[in-house]
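Protein chains in written order, with my numbering: chain A, 19 to 154; chain B, 19 to 154; chain C, 19 to 154; chain D, 19 to 154; chain E, 19 to 154; chain F, 19 to 154.
Since the hints were made in silico from the structure, they are not lab data.
Some hints could be false.
The list treats identical chains as interchangeable, and a pair is accepted whether it falls inside one copy or across any two copies.
[As the list claims (entries may be wrong)] The calculated DSSO-like cross-link candidates involving lysine-lysine, where the alpha carbons are at most 27 Å apart (straight line), are:
no., residue 1, residue 2
1, LYS134, LYS110
2, LYS83, LYS110
3, LYS95, LYS44
4, LYS26, LYS134
5, LYS134, LYS95
6, LYS20, LYS110
7, LYS83, LYS20
8, LYS83, LYS51
9, LYS44, LYS83
10, LYS140, LYS44
11, LYS140, LYS110
The structure presented is a predicted model; accordingly, all values stated were derived computationally and were not measured.
There are 6 protein chains.
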Amino acid sequence: MKVALSRKEHFNAAHRLHNPAWSDEKNKEVFGKCNNPHYHGHNYAFIVTLIGDPDPDTGYVFDLKLLSDLINENVIKHFDHKNLNLDTVYFKTLNPTAENIAMVIWRILRQHIDNKYELKIKLYETERNSVEYPAH
Amino acid sequence: MKVALSRKEHFNAAHRLHNPAWSDEKNKEVFGKCNNPHYHGHNYAFIVTLIGDPDPDTGYVFDLKLLSDLINENVIKHFDHKNLNLDTVYFKTLNPTAENIAMVIWRILRQHIDNKYELKIKLYETERNSVEYPAH
Amino acid sequence: MKVALSRKEHFNAAHRLHNPAWSDEKNKEVFGKCNNPHYHGHNYAFIVTLIGDPDPDTGYVFDLKLLSDLINENVIKHFDHKNLNLDTVYFKTLNPTAENIAMVIWRILRQHIDNKYELKIKLYETERNSVEYPAH
Amino acid sequence: MKVALSRKEHFNAAHRLHNPAWSDEKNKEVFGKCNNPHYHGHNYAFIVTLIGDPDPDTGYVFDLKLLSDLINENVIKHFDHKNLNLDTVYFKTLNPTAENIAMVIWRILRQHIDNKYELKIKLYETERNSVEYPAH
Amino acid sequence: MKVALSRKEHFNAAHRLHNPAWSDEKNKEVFGKCNNPHYHGHNYAFIVTLIGDPDPDTGYVFDLKLLSDLINENVIKHFDHKNLNLDTVYFKTLNPTAENIAMVIWRILRQHIDNKYELKIKLYETERNSVEYPAH
Amino acid sequence: MKVALSRKEHFNAAHRLHNPAWSDEKNKEVFGKCNNPHYHGHNYAFIVTLIGDPDPDTGYVFDLKLLSDLINENVIKHFDHKNLNLDTVYFKTLNPTAENIAMVIWRILRQHIDNKYELKIKLYETERNSVEYPAH
Numbered sequence: 019m020k021v022a023l024s025r026k027e028h029f030n031a032a033h034r035l036h037n038p039a040w041s042d043e044k045n046k047e048v049f050g051k052c053n054n055p056h057y058h059g060h061n062y063a064f065i066v067t068l069i070g071d072p073d074p075d076t077g078y079v080f081d082l083k084l085l086s087d088l089i090n091e092n093v094i095k096h097f098d099h100k101n102l103n104l105d106t107v108y109f110k111t112l113n114p115t116a117e118n119i120a121m122v123i124w125r126i127l128r129q130h131i132d133n134k135y136e137l138k139i140k141l142y143e144t145e146r147n148s149v150e151y152p153a154h
Numbered sequence: 019m020k021v022a023l024s025r026k027e028h029f030n031a032a033h034r035l036h037n038p039a040w041s042d043e044k045n046k047e048v049f050g051k052c053n054n055p056h057y058h059g060h061n062y063a064f065i066v067t068l069i070g071d072p073d074p075d076t077g078y079v080f081d082l083k084l085l086s087d088l089i090n091e092n093v094i095k096h097f098d099h100k101n102l103n104l105d106t107v108y109f110k111t112l113n114p115t116a117e118n119i120a121m122v123i124w125r126i127l128r129q130h131i132d133n134k135y136e137l138k139i140k141l142y143e144t145e146r147n148s149v150e151y152p153a154h
Numbered sequence: 019m020k021v022a023l024s025r026k027e028h029f030n031a032a033h034r035l036h037n038p039a040w041s042d043e044k045n046k047e048v049f050g051k052c053n054n055p056h057y058h059g060h061n062y063a064f065i066v067t068l069i070g071d072p073d074p075d076t077g078y079v080f081d082l083k084l085l086s087d088l089i090n091e092n093v094i095k096h097f098d099h100k101n102l103n104l105d106t107v108y109f110k111t112l113n114p115t116a117e118n119i120a121m122v123i124w125r126i127l128r129q130h131i132d133n134k135y136e137l138k139i140k141l142y143e144t145e146r147n148s149v150e151y152p153a154h
Numbered sequence: 019m020k021v022a023l024s025r026k027e028h029f030n031a032a033h034r035l036h037n038p039a040w041s042d043e044k045n046k047e048v049f050g051k052c053n054n055p056h057y058h059g060h061n062y063a064f065i066v067t068l069i070g071d072p073d074p075d076t077g078y079v080f081d082l083k084l085l086s087d088l089i090n091e092n093v094i095k096h097f098d099h100k101n102l103n104l105d106t107v108y109f110k111t112l113n114p115t116a117e118n119i120a121m122v123i124w125r126i127l128r129q130h131i132d133n134k135y136e137l138k139i140k141l142y143e144t145e146r147n148s149v150e151y152p153a154h
Numbered sequence: 019m020k021v022a023l024s025r026k027e028h029f030n031a032a033h034r035l036h037n038p039a040w041s042d043e044k045n046k047e048v049f050g051k052c053n054n055p056h057y058h059g060h061n062y063a064f065i066v067t068l069i070g071d072p073d074p075d076t077g078y079v080f081d082l083k084l085l086s087d088l089i090n091e092n093v094i095k096h097f098d099h100k101n102l103n104l105d106t107v108y109f110k111t112l113n114p115t116a117e118n119i120a121m122v123i124w125r126i127l128r129q130h131i132d133n134k135y136e137l138k139i140k141l142y143e144t145e146r147n148s149v150e151y152p153a154h
Numbered sequence: 019m020k021v022a023l024s025r026k027e028h029f030n031a032a033h034r035l036h037n038p039a040w041s042d043e044k045n046k047e048v049f050g051k052c053n054n055p056h057y058h059g060h061n062y063a064f065i066v067t068l069i070g071d072p073d074p075d076t077g078y079v080f081d082l083k084l085l086s087d088l089i090n091e092n093v094i095k096h097f098d099h100k101n102l103n104l105d106t107v108y109f110k111t112l113n114p115t116a117e118n119i120a121m122v123i124w125r126i127l128r129q130h131i132d133n134k135y136e137l138k139i140k141l142y143e144t145e146r147n148s149v150e151y152p153a154h
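One chain only, chain A, in its complex shape (with noise of 0.2 Å):
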């Protein structure tokens, strides 16, 4: 039996939900107030899970400083403060929606973890609004 081992991180970030092949109307009444052109945005907070074995050395599942680190230096640095759709190169074509941002999150981090670990990001756009990815 593994360990979960988890580590809750934030951003604070703009964002619109929009698709470029629809006309206004359609994206307006498909994302609603999300549709808003000149942006809105959230206090984002994520969990990343990594799912191992603890070391019998140290009895660690991972180095908690060095995941808060990787984190940072992969994640937060590029999201925090910035506008997703204009100021990140992962929103270009995609839209952010919670789905989306969890995905990219999970496909930044898992390239600097090894793959021994079982890696999960959990989003929360709001306090009611969260994803989870990958489900199960």
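With chain A's structure known, arrange chains B, C, D, E and F on it following the hints.
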């Protein structure tokens, strides 16, 4: 790999735990202060989770506004500011434990959510006591 | 300059807002869904604050274990898992609004706390609705 | 002794801190990452407090349903899912710092709340950063 | 489909991360400020989850009062207001990392919970750092 | 009317409540489990509040980045992952109760914050136990 999308909602209700097949003594012994014949109550919080694939056009697993409307129309309207034992059809003969309330909410919403989505309910009776259905 | 010492406690109770001097129509109009004759309920949280000088020998304004015992004996034992309207002497003729519950808790505890301490009660009926007595 | 009644509400918005009388360098130096020209955003939470006497007929300082409606109509409708700098009349020439947002909300609501009530606004920009107006 | 029932509990304790097989330098390098020889401490929160079928007579997966008593008697009594390294039998030779504390709590409770229930422990060392055992 | 600006910070520390002028029996009787000679610990959270006038050029009462740096340099660096009794100069002869910790933090920060600002400290030892200095 699929994405889990979650929405947190609330209702405030009175309830009483009681098994009519038992004597008053046995009810008191098993359910303790939760058996108070005049009822007590809780601020129930519950999280509805849908597991599926994000739509390529929207980036949504499911529209959260629509999900919230479904929950309000089919659950909250019937449970909020109600006596669960006396005012709802669901707990006339079913004991309104946290376990049973979560299963009832699951059964109600399952009828309104396409079967391509896996559905889960997590219910908090208090900040310290919660249940999840199904468990896996 | 004095120090404020606070202790948070909880009780879960049913209640109904109703003014017996009014018609059913007026009660329904003024109190809305809180007037449900079968009651509804809440997880009430309340914070008891004592303002005084730390004792030079202990560094305590007041012993928190003793404060918690006083609150449990005089408030929680009477309110937890009860119907505030039917099961307590305090709300037989007083409407159990958040305002009145906070004032009743203040009056109860004032009798057990030396007058050298200023006493304040903050009560949360829900996470979003709260009252404080006295306000200053 | 009066009673304080509080209601917590939320809005999600984009903003940018910027003083147009200053050079870009000075703005960047003073406001740091909050000066991002493409905006960033927050889940703002704010608590509106009214201080007054409970009405003897209702036990209410103020009807919370009415207070919530007033806040939604006069604050949230204008601020939620908006760019505070571009989409509101309030921050065309006023920097949307937490301090100024709290004072603007106070000024808006002061016009709709009878002067017999003292009014206070507490605003959380993040879980760790908050302001209160007036301070006493 | 089974139901998961969870109970959240707390203890406050001192601890130090240290591997006696290593030099002081290596301990300092690996465990950083957590290696402080005079100890530091945390408010640990942990959630005990039992997965099973609700009893048809009670609607309970497990009696929460009984579960809380089991946790208090077998875990909290031994860990609360203790130095985990010096005052408990469990961490004499085992490093009290969050991972190991969660696994120890699981092993303790596993002896007191019928094997028909699946058992899981989630432990929060801080609001941002947590572990879960078993992970699946 | 002035504005209150608040910043929440954290430190994790071990401590022991003990009065060396008293016998072991009296210490045990007064401080109970907090008197454990091997120490216990907490995740302390504290909120630093400055009351002043917003600067007309910035809209800031005080720069929160500067405030956070001041708190980190003068409080957190000395208290985090420390034994308050053994590792700090402040509690060599002063009992590290929540009351005294809050007053010590106030005295430290008062030297670094211009007297034109009123200063207040709120400290949480646990989620349920907190102190505020000064009380008014």
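Quick rundown of the hints versus the structure:
1. LYS134 to LYS110: neither (32 Å within a copy, 30 Å between copies)
2. LYS83 to LYS110: between (31 Å within a copy, 25 Å between copies)
3. LYS95 to LYS44: For LYS95 and LYS44, only the inter-copy Cα distance (22 Å) is at most 27 Å; the intra-copy one is 34 Å.
4. LYS26 to LYS134: The answer is within: 21 Å in one copy meets 27 Å, while 31 Å across copies does not.
5. LYS134 to LYS95: Cα proximity of LYS134 and LYS95: one copy only (26 Å, versus 36 Å across).
6. LYS20 to LYS110: between (38 Å within a copy, 23 Å between copies)
7. LYS83 to LYS20: Within one copy, since 21 Å is at most 27 Å while 29 Å is not.
8. LYS83 to LYS51: between (39 Å within a copy, 11 Å between copies)
9. LYS44 to LYS83: between (45 Å within a copy, 16 Å between copies)
10. LYS140 to LYS44: Neither, since 29 Å and 34 Å both go past 27 Å.
11. LYS140 to LYS110: Intra 22 Å, inter 35 Å, cutoff 27 Å: intra-copy only.
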